[in-house]
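A.B. asks: Each chain, letter by letter, is given below.
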Amino acid sequence: MSESLPIVEMAGISISFPGVKALDEVGLRLFPGEVHTLMGENGAGKSTLIKALTGVYKIDEGEIRIAGEPRRLGGTADAQSAGISTVYQEVNLCTNLTIGENVMLGHEVRGAAGINWRATHRAAGQTLKKLGLGHLNPKQALSTLPLAVQQLVAISRSMVAQCKVLILDEPTSSLDANEVEQLFTVIRSLRDQGVAILFVSHFLDQVYAISDRLTVLRNGRFEGEYRISDIDRAQLISKMIGKDIAALKSLDAKDSRRVRPDAEPLYSAKGIGRKGAIDATDIELHRGEVVGLAGLLGSGRTELARLIYGADRPDTGEVTLNGEQTEITTPAKALARRIAFSSENRRDEGIIRDLSVRENLVLAVQARRGWARPLPRREQDAIVEKYVSALGVRPADPERPIRLLSGGNQQKVLLGRWLATEPELLILDEPTRGIDVGAKAEIQEYVSVLADEGLSVLFISSEIEEVVRQSDRIIVLKDHRKIAELEGGQGVSADSIVTVIAEDGLGDASADAAVREEVTT
Amino acid sequence: MSANAHGPSEALKGLVRRQYFWGIVAIALLLLVNLVKDPGYLAVSIGQSGNLAGNVIDILRAAAPIILIAVGMCLVVSTGGIDLSVGSVMAVAGAVSMEFLNGASDTVGSGLAAVGLVVIVSAALGAVNGVLVSVVGLQPFISTLVIMLAGRGLAKVITGGQNTTATNETFRWIANGYVLGLPVVFLLALLLALLMGLLVRRSALGLMLEAIGMDAKAARLAGVNRRALLFTVYILGGVLAGFAGVFATASVMTVDVSRTGYQLELDAILAVVIGGTSLAGGKFNITGAVVGAILIATLDKTVVFLGVSSSATPAFKAVVIVVLCLLQSERVRRMFRQRRAAGAARPAEREVVAA
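Chain order of the listed sequences is A and B. According to this note's numbering, the first sequence is numbered sequentially starting from 1. According to this note's numbering, the second sequence is numbered sequentially starting from 1001.
A portion of the hints provided could be inaccurate.
Okay, the calculated beta carbon distance ranges per label pair [as the list claims (entries may be wrong)]:
1. A:S4 / B:L1015: 54 to 64 Å
2. A:A161 / B:K1217: 23 to 33 Å
3. A:T316 / B:A1127: 31 to 41 Å
4. A:S16 / B:R1017: 14 to 24 Å
It should be emphasised that the hints constitute simulated quantities derived from the structure, not laboratory data. In this text, a Cβ means the ideal position worked out from N, Cα and C, and glycines have one as well.
Using the sequences and the hints given, assemble the complete structure.
C.D. replies: Written out as structure tokens, the structure is:
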């Protein structure tokens, strides 16, 4: 069946931006009834290729054939009429509309007197039911759903368009294991109906679980197309990053024990909490230590981090910083006290799209100095040079608007922004989300180096393995409260943390306490 | 963004790409139209005391107050806000200064005192806007609308409903005097615009304002103090409007509480848009706002000069501005470019649109 005709065939595609060749004669074939994964590092050209296929970018050279016919895609509307639907990495829905309105947007059921909203919502309900989302009420506002479920709504939205090709650009980066499974069920059923699916993900396990075929890109060039059975993980990774994976493994193998300071903690909070976000929690952070926050989506990881930074105002709790009692109620105050926080929401709370890389880098330092004391251009250039090269930002052009960089490079710029403030405590919320293996390893390694230099790091990731690997100590959260605190080491693994989370709440409070005791000793 | 300029042709290209380029073109066209009607229109004569006089000088003089409020508006707009109260603040400034001078002696001291008083009062009005927007968290549109309505009432209360008149040579000189042959008002307006430009670009104020306007959430997390910045910006807008009020009243030494600054907020907003600053906030361009203000003054004078009946004046203004906005629109320009490219057998002159 794989030898049936491809529904989409892209050949010799080249796209240039000023000064950069983003794609250089890249090819891609999508077959009906197959899940095809596009692999590559950040900046490899995955997003550009997808945007060429969805008509967002015009191609300079090459040809796109859809069902054998050469097509010129002049815009997203062309792509949609050709049966190509896309669900982007960051959900693009209208949160102020209802679920049903979002699903049916542009395909509302029309009656004699305009749109028949009842029929529209009913149709939305049916579409949702087909995807196993029957429990959702189409008349509910989308904003009431967690981000992960919004993603599934976005997929059902593309189903309404009767697509033949469905592009999923990192749909799983914000989903937990259950939701990923739910999504995969949906993908498989679509595949069996003959839809060609183009899937982008950085999670190797997921790629191997769902793909039939994959195409690897590197630096804007085509590296090869493989059937999933013909390539193993090690080969795949080395194709993607173009170098040996021994370097990556060395990070895993290294004994991450750092000298535990016995001195007083850098930061300590007693009973810090906020209604509806996280219950009163005690937390201590030391210099030179990486503390991980583990827990499922919605367990209160991000909420706790935001309270520490003052992004949300804590209702309760006492904070001691460097031995002195203090109050941190705004980000500006936190930065003044050398605490930095990198938000999980890179697009809305991280980068400022229309500012240049340089302006994004110096923003936090400048904000702390106040507007009346501008950072001299020489110092700006020094900061830019330092972090662009230290973090390997590509392209290394500081005057380029940051929105033109790939996600991983944006993340590196943001990391640079926070490091430029010379923080003593650095909070990283999902710093590696949506980032390829190479950039991920670079950032992880950098975090370790920072801790070795005496920085205190609070590390949050939905990938429990990553938390385990990075952290000296792990705080486990569940349902908006701290359920355990584990010393990193031989005994702790992703499995043991999952067990802690799973077993919490099985018994009553005393059993709960017993678990906590068991794991801390 | 622009490649390094090589020679004058590149510099010209750089100018053409500026948003306010079409504003300059429009000014030139309007002057040309006037020139056609009266070949002597552009003539500038030198009066007995070496002062320049002529239609162009009149335009510059009329542009002065608009320049000031446009610059203030430009900063407010860059934060994603809007300031509808500038016209009313002008009226209040006029009322305060006239009432003060009416009872004061005709000395340099009292003239300067009147200006000082205006600065204080208009800063206070700006501060009220600032508090409503930044502390209370009202929408800028509503907050400044309140001050727009209240301000005119306040002006009437100050003068007791009268159109107060006063005499003070120093104060009058601000509007009617000359330095180096040019009207003081225009030079002062240009100087203040220049100072504001230096203030925002030499300090980090401009970057901070743009950051707020582009992405308030991200700016907050980066430690940008939005509240203080908004407060500052509305006060600046108020003070600039106060100066504009002084300019508008000093020329006739009378405040017309219901006409001074009337609907000038709209002119200011137009000037800002013509100058290439998006009302959505973000990147702003003070030079552009100044160009826009001069265009509006030129337009006003042209309408009078051509004898367009006063009832048709708004329509005439609207047509010019709509055409201008169309020319500036990225979409319309791309359409033209594509047409040209298609005509030239498609040699794919690929200019990636760097918005």
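A.B. asks: Does the beta carbon distance between A:T316 and B:A1127 stay inside 31 to 41 Å, or does it fall outside?
C.D. replies: At roughly 35 Å between Cβ atoms, B:A1127 and A:T316 fall inside 31 to 41 Å, so the hint holds.
A.B. asks: Evaluate the given range 23 to 33 Å for the C-beta pair formed by A:A161 and B:K1217.
C.D. replies: holds (31 Å)
A.B. asks: If I claimed the Cβ atoms of A:S4 and B:L1015 lie 54 to 64 Å apart, would that claim hold in this structure?
C.D. replies: Given a distance of about 57 Å, which is inside 54 to 64 Å, the answer is holds.
A.B. asks: Okay, A:S16 versus B:R1017 on CB: inside 14 to 24 Å?
C.D. replies: At roughly 20 Å between Cβ atoms, B:R1017 and A:S16 fall inside 14 to 24 Å, so the hint holds.
In this structure, none of the earlier numbered hints is contradicted; all agree with it.
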